[in-house]
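There are 2 protein chains.
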Amino acid sequence: MDKDEQCISSREVYSGKIVKLSVDEVRLPNGHVTRREVVKHAPAVAILAVNDKGEIVLVRQFRYATGRELLEVPAGIMEEGESPAETAKRELREEVGYDARNIEHIASFYSSPGFANEIIHLFYATEIFPSKLDGDEDEIIEKVIVAPKECQRLIEAKKIEDAKTFAALMWYLNRRRDQ
Amino acid sequence: MDKDEQCISSREVYSGKIVKLSVDEVRLPNGHVTRREVVKHAPAVAILAVNDKGEIVLVRQFRYATGRELLEVPAGIMEEGESPAETAKRELREEVGYDARNIEHIASFYSSPGFANEIIHLFYATEIFPSKLDGDEDEIIEKVIVAPKECQRLIEAKKIEDAKTFAALMWYLNRRRDQ
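Those protein sequences? They're chains V and E, same order as listed.
So that you can map any letter, position 116 of the first sequence is 135 in this note's numbering, and since no number is skipped, the others follow by simple counting.
So that you can map any letter, position 63 of the second sequence is 82 in this note's numbering, and since no number is skipped, the others follow by simple counting.
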């Protein structure tokens, strides 16, 4: 059975700096017609950066949409002409001031497939060292270095309230057990 | 230092079935004024449901916003007056036809804190059994039962392309190793 939903018409209701919003009329596989609201957002990357002691580099920042400060892995939006790995390296430098000798793709996942097309490419950065290049002075971000045990404790205490960060930390805790 | 961003004015540019979109003028901690686009979405739940063999119940469904079929943990939006655990039980029944004797809260996380307020409450459902009540006939969803080894393989093959599902499966693989 074909499960695809076919677009009949699409109307852009907003086009802004970060998101666009379309309202589409779509035909379901059973022939019914319904409406889908789609938030369009550029692809993003997130970086699980680990130092030589196995500690993770997180950032604490206020997130206006949530009204809260969250503890997250460094992340950012891909710019025109960048590959995901290039964005990962740039964001690691801008947000926390590190360069990485080794960067590995872990996974790519949609953040909210029910209403948005944003995809996040998650990378694992190791052999990190302070960058000689400048970070981004405009970003108000606090760096937080977390040991694996503390990371486990934060998860159990339900202090990790960002999906990509929860995903990245669980991946890392699992990976450490393989080694 | 206060890192909060203060709302100066808020303008709703769209109000639909699933999302609302506001464009707010906000004052940053450094005094500068900027604009924030905020997608408003009801809270949601996701359920990591595991049968007596330790196998996970996933769903494969077409997601219009992504243009793809994704393999996901069952999930859905909270309805008026429901607690997160109640939504979890309802969605488990509607999407895959199971009831659960045991349901445990794992974590609550924002799916896209950069632009949306959607929070997902993730639950772990065990001692599941086929429900006597009807599921939701309208939802076109294929059930997929996955053994832990296959789940590990799917992650390594980068076939898990939904953030909450990646998070849930990594949590589960880690949990199994504790036992």
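Any given hint could turn out to be false.
[Unchecked claim] For lysine-lysine, the following DSS-like pairs were computed, each having C-alpha atoms within a straight-line distance of at most 27 Å:
| no. | chain 1 | residue 1 | chain 2 | residue 2 |
| --- | --- | --- | --- | --- |
| 1 | E | 36 | E | 59 |
| 2 | V | 178 | E | 59 |
| 3 | E | 108 | V | 177 |
| 4 | E | 72 | V | 39 |
| 5 | E | 22 | V | 177 |
[Claimed, not checked] Listed next, with one range per pair, are the computed distances between beta-carbon atoms:
| no. | chain 1 | residue 1 | chain 2 | residue 2 | range |
| --- | --- | --- | --- | --- | --- |
| 6 | V | 53 | E | 164 | 24 to 30 Å |
| 7 | V | 167 | E | 164 | 29 to 35 Å |
| 8 | V | 86 | E | 104 | 19 to 25 Å |
| 9 | V | 152 | E | 102 | 47 to 53 Å |
| 10 | V | 171 | E | 177 | 21 to 27 Å |
| 11 | V | 23 | E | 71 | 33 to 39 Å |
| 12 | V | 100 | E | 22 | 28 to 34 Å |
| 13 | E | 198 | V | 27 | 23 to 29 Å |
| 14 | V | 29 | E | 99 | 28 to 34 Å |
[Unchecked claim] Computed footprint of chain E on chain V, listed as stretches where at least three residues anywhere in the stretch have a Cβ under 8 Å from a Cβ of chain E:
| no. | stretch |
| --- | --- |
| 15 | 42-55 |
| 16 | 186-192 |
If you're looking for bench data, these hints aren't it; they were derived computationally from the structure.
Since we're looking at a predicted model, the values are computed, not measured.
Just so it is clear, CB atoms sit at the ideal spot from N, CA and C, and this is done for glycine as well.
Okay, the hints, checked on the actual structure:
Between the alpha carbons of residue 36 of chain E and residue 59 of chain E the distance comes to roughly 11 Å, so the proposed pair stays at or under 27 Å and holds. Under the criterion of a C-alpha separation no larger than 27 Å, the hint pairing residue 178 of chain V with residue 59 of chain E is consistent with the structure, at around 22 Å. With a C-alpha separation of about 21 Å, the suggested pairing of residue 108 of chain E with residue 177 of chain V holds against the 27 Å cut-off. Taken as a hint, the residue 72 of chain E and residue 39 of chain V pair is broken in the structure, with Cα atoms around 44 Å apart against an allowance of 27 Å.
Straight-line distance between C-alpha atoms of residue 22 of chain E and residue 177 of chain V comes to about 22 Å, which keeps the hinted pair within the 27 Å bound. Here the CB-CB span from residue 53 of chain V to residue 164 of chain E is close to 29 Å, well matched to the stated 24 to 30 Å. Range check, residue 167 of chain V to residue 164 of chain E: Cβ separation about 32 Å, and the 29 to 35 Å hint holds. For the pair residue 86 of chain V and residue 104 of chain E, the beta carbons lie near 24 Å from each other, so the given range of 19 to 25 Å is met.
Between residue 152 of chain V and residue 102 of chain E the CB atoms are about 49 Å apart, so this pair conforms to the stated range of 47 to 53 Å. Take residue 171 of chain V and residue 177 of chain E: their Cβ atoms lie about 25 Å apart, and the range 21 to 27 Å holds. Checked against the hint of 33 to 39 Å, the pair residue 23 of chain V and residue 71 of chain E passes, with Cβ atoms roughly 35 Å apart. The supplied range of 28 to 34 Å is met by residue 100 of chain V and residue 22 of chain E, whose beta-carbon atoms lie about 32 Å from each other.
Remark: the range hint 23 to 29 Å for residue 198 of chain E to residue 27 of chain V is contradicted by a beta-carbon distance near 50 Å. A C-beta distance of roughly 30 Å is found between residue 29 of chain V and residue 99 of chain E, which places it inside the suggested range of 28 to 34 Å. A count of 8 residues in the stretch 42-55 of chain V with a Cβ less than 8 Å from any Cβ of chain E is obtained; the coverage claim is therefore met, three being the minimum. With 4 residues having a beta carbon nearer than 8 Å to a beta carbon of chain E, the stretch 186-192 of chain V meets the requirement of three or more and the stated coverage holds.
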